Amino acid sequence: MSPGHRQVIMMTDFVKKTIRPFRALRFLARKPHTIISPHEQHNDIEGEPLPTERYRGIHINDWETCISCGLCARICPCDAIEMVEVEGEQKKRPEVSYGRCCFCGFCEDVCPRDSMHLTSNYVMIDKNSETFTFLPENDLEEFQKEYIVETSQLRYNDKDVKKAEKGPSAKKGVKGKKKK
Amino acid sequence: MDDFRSTEIIFGPQHPGIHGNFAMRLELEGDMVRRARVVPGYLHRAFEKLMERRTWHQNIALVPRICVPDPDVNEVAYSMAIEEIMGLEVPRRGDYIRTIVLELSRLASHLMGLGGLGGAIGLYTLPMWTNGERDYILDLFEALTGGRVYHMYTWPGGVRWDMPENWPRKVLKVLDHIEAQLPSYYSLFFESKVTDARLKGLAPITTSWAVEHGVTGPNLRATGLEVDLRRDDPYAAYEDLDFDVITLKQGDGMARALVRWYEVGQSIRIIRDAMEKMPGGPVIAKTPPPLAFTVPPGDHYAHVESSKGEYGYYVISKGGKYPYRVHVRGPSFTHGIDVLEKMLINQELADVALITGGLDVCPPDIDR
Amino acid sequence: MKEDTLSDVDKKSENYVPGQTTVQEVLGYVSAHLPDLEVKLLSSRRGEILVDHSIKGEVLTRLKEEGFDHFAALSCIDLIDDDRIQLVYHVWSYGSKGHILVKTELPRKDPSTDTVYRIYRPAITYEREIKEMFGVDFPGNPRLTQFILEDWEGPPPMLKDFDTEAYAVDHFNMVRRDPPSKPPQPKKGGES
Ligand code: SF4
Ligand code: SF4
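Chains as they are written, first to last, in the numbering used here: chain R, 1 to 180; chain L, 1001 to 1368; chain E, 2001 to 2192.
For reference, chain R alone in the conformation it holds in the complex (with noise of 0.2 Å):
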C-alpha cells in the first residue's frame, strides 16, 4: 500500500467518522416529536387524528339495550367492574372502578346486547377519587364536560402554548419528505 494511498483511506476514515455525524444538524430544522397536549393534536404518519376509533378509553354502556346479565362483570381480569343497584331502576347496572380498570376490552367483546363499549375518550381529571368509580351512561359528552382538564392546571411554558396555537395541526415532520 502506497502511502498516498494510505493517506486516501485515513481521509475517508476522518471523513466518516466526524465529518459524517454532523449530518445530524439538519434534524435542528425538524419538529419535535413532542407534542402540548391538550393544545394541539396528536397525528399519526398520514396525519390524521389520534386516538382512533378503536383506542380503548372510557366506557358507555346503553341502558336502553343492557340487560344487566352482569357477563361485563365476570370477565373482567381486573375485577373493575360490579353490579349496583341504581335508584328508581330494577335492573342492576355495571360499574367501573377506573383505579382497576386495565382497559382490555373483554368487558366490550362479551356484552351479549353490543351495550358496553370503550370509547377513544381517555381524558380525565378531578380532584375527587371518587369520581373515577361511576356507573357508565350514553351520554359520555356531557359527563366529559364536567371532568374536562381545566389547561389552567397544566404547567406548559406560554410561548410554547401560543405557538402550538397558532400552527397547523399537523405537526410531524414527516409531510412532504417522503420519497415516491
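It is possible that part of the hints are untrue.
Some but not every residue of chain L turned toward chain R, in silico, with C-beta under 8 Å [said to hold, decoys possible]:
#1 H1057
#2 P1168
#3 K1170
#4 H1177
Computed, partial: chain E to chain L, Cβ under 8 Å [what the hints assert, rightly or not]:
#5 R2045
#6 H2070
#7 F2071
#8 K2097
#9 P2157
Hints in this document: simulated from the structure, not taken from any laboratory.
It should be emphasised that the depicted structure is a prediction, and the values quoted were computed from it without experimental measurement.
Don't be surprised by glycine CBs; every beta carbon is placed ideally from N, CA and C.
With the hints as your guide, set chains L and E with the ligands onto chain R.
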C-alpha cells in the same frame, strides 16, 4: 493485589445506567469489577400464581406485562400453547396478522434497545430519535389493537379483530419512513469513534460458552451460531416468509448491537412480505365464548423468538376454566443473572451499563 | 464457588458443532438401554421421557452428549392431588431442532433432588427460584440463596395449598374495595 482495598457499591435500582428495575452489587478493585451479584425482585408481581386463578382469557390481559418493550410475544406464546393443547387451528389470516404484530413489536423493541445503548455511551441523541420512530409504531398498534403499549390482541384461536381498512397502507408508510431514517442512525451510532472505542471487543463470548450458559436470541447469533426459532421451529406465518438469519462472528458488544441493527432491516422485510402475501378469510377460529372456554388436560411448551431471546410458555391444564400452572421462561432469566454476573467480571465500572444494555436484559421477565 | 472468568472460557474449544441426533433416535436409545423408562413421542420434534429422579442426571448427561445442549427451562409443578411435585427439564437441540421434556417426580414432603447445574449450567438459577417458590431442595447447588422474596417468612408461595388471601390479610394492610354505601351519583364528585 491483596493490599488493594475493594469497595462494594450497589448499582441500581434507581440509577440512570441500570437497564430496568433491578440492582447489582458490584465488588470493585479500583475501577474494575471483581465480583457482581444481581439482586432481582423489584418487579415481582406473582404472575404465575395469579394466572392459576384467572380464566384462560383473563390471563391475556396479564401476560403482556411480563415484557414491556416487546409484549406481543407473551400473548402469542401463551395462545400457541393453549391452541396446541386444544388442537385448535388458527386461520391463516390470523397467523399473518400475528406475524406482523410480532415483527412490529420486535422493531419497536430493537429501536428502543439501540437507543438505550446510545444512552449508555453518552449519545443521548439516539434514544430521542429511535423512540420517536417507535412512537409511530405505537400509533399503528393503537389503530389496530386499541392499546399503545399492551395490546391484548391475540386470543387463543387467532386475533381479536381484523385489520382496519387503511391500516396496511399506514404500516407500509411507517416502514418507508423508518427505512429512510436508518442510514442517518447508522452513521450517528455505528460510525462514531466513541462507539468503536466503547463497544469493540467488549466482553466477548464464544459460541460454546454462550450455549453452555443458556444465551439465546440475538446475543447467541452475535457469536456466529445460526439459530432462530422463527426458522427452526416455525410458528405463526414465518415458514411462508422470506428472511435471513443474521449472524456475526465476534461475539463482542459491537456484534451484539449490529445483529440487532440488521434485524431491524429484516423485520421490515418480513412485514412487507407478509403484507403482500396476506391471505383472506377469518382471523379467529371458532371457539367457545370466553366465559365457557375450557381446555382439555394436557401440557405444552411453546416457544417464540422475541427481540431478546427465547420466550417459552409451559402451560399445564387439568381441564376446566383455569390453567393448572403456567411457567414462563424469559430470556433475561439466564441473561440477566448468571450470564451477566460472569460477563461483568474484570470489566470496568463504566462498561457495566453498556454490557447490561448490550445483552438487552429486561428484568420483568426475571421477576414476573 | 470458583468463578471462571471470560478469559478462561476463551481458551476452551472455539468450534462449536451442534449435535445432529434427532428426538426419535434419542428416544429409541433411551428405551433400548433403560427399558423401565417411559418415553413418548409427542410430535416429530418433541419427545417426553419420564424418569426416576435418582437417574435423571445420567439421562440428562446423555442428552447433552447427543446435542441437546440448550437448557431451555426447568419447570416445577405442584401436583397436590397425587401428593407429588413434578420437575420438568426442557432441553433443545440446536442441530436437530428437537425438544425433549424430561419429567421426574418427587414426594411432596421434603422434596429434594440432586442439582443438575454441572450438566446444564443455566439450571443454577432455575433451581434457585424453585427452592424459594416451591421449597424443593437441590443439594450441590452453590447458589440457593435468597432470590426474589425478600424477608419471606411463610411457606413456599407457589405451592397449591398456600393461602394467598390469608397471608395477605395477616401480613399487610389490605384495603378492600368498599361496597358502595350510597347510590352512586356520578355527576357530583368533583369539587372544581
Ligand atoms: S354484559 Fe352488556 S348487557 Fe350484560 S350487564 Fe354488562 S353491559 Fe349490560
Ligand atoms: S376494560 Fe377490561 S378491566 Fe376495564 S372494566 Fe372492561 S373488562 Fe374490566
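Hint check:
no., hint, verdict
1, H1057, "holds (7 Å)"
2, P1168, "violated (12 Å)"
3, K1170, "holds (6 Å)"
4, H1177, "holds (6 Å)"
5, R2045, "holds (7 Å)"
6, H2070, "holds (6 Å)"
7, F2071, "holds (6 Å)"
8, K2097, "holds (5 Å)"
9, P2157, "holds (7 Å)"
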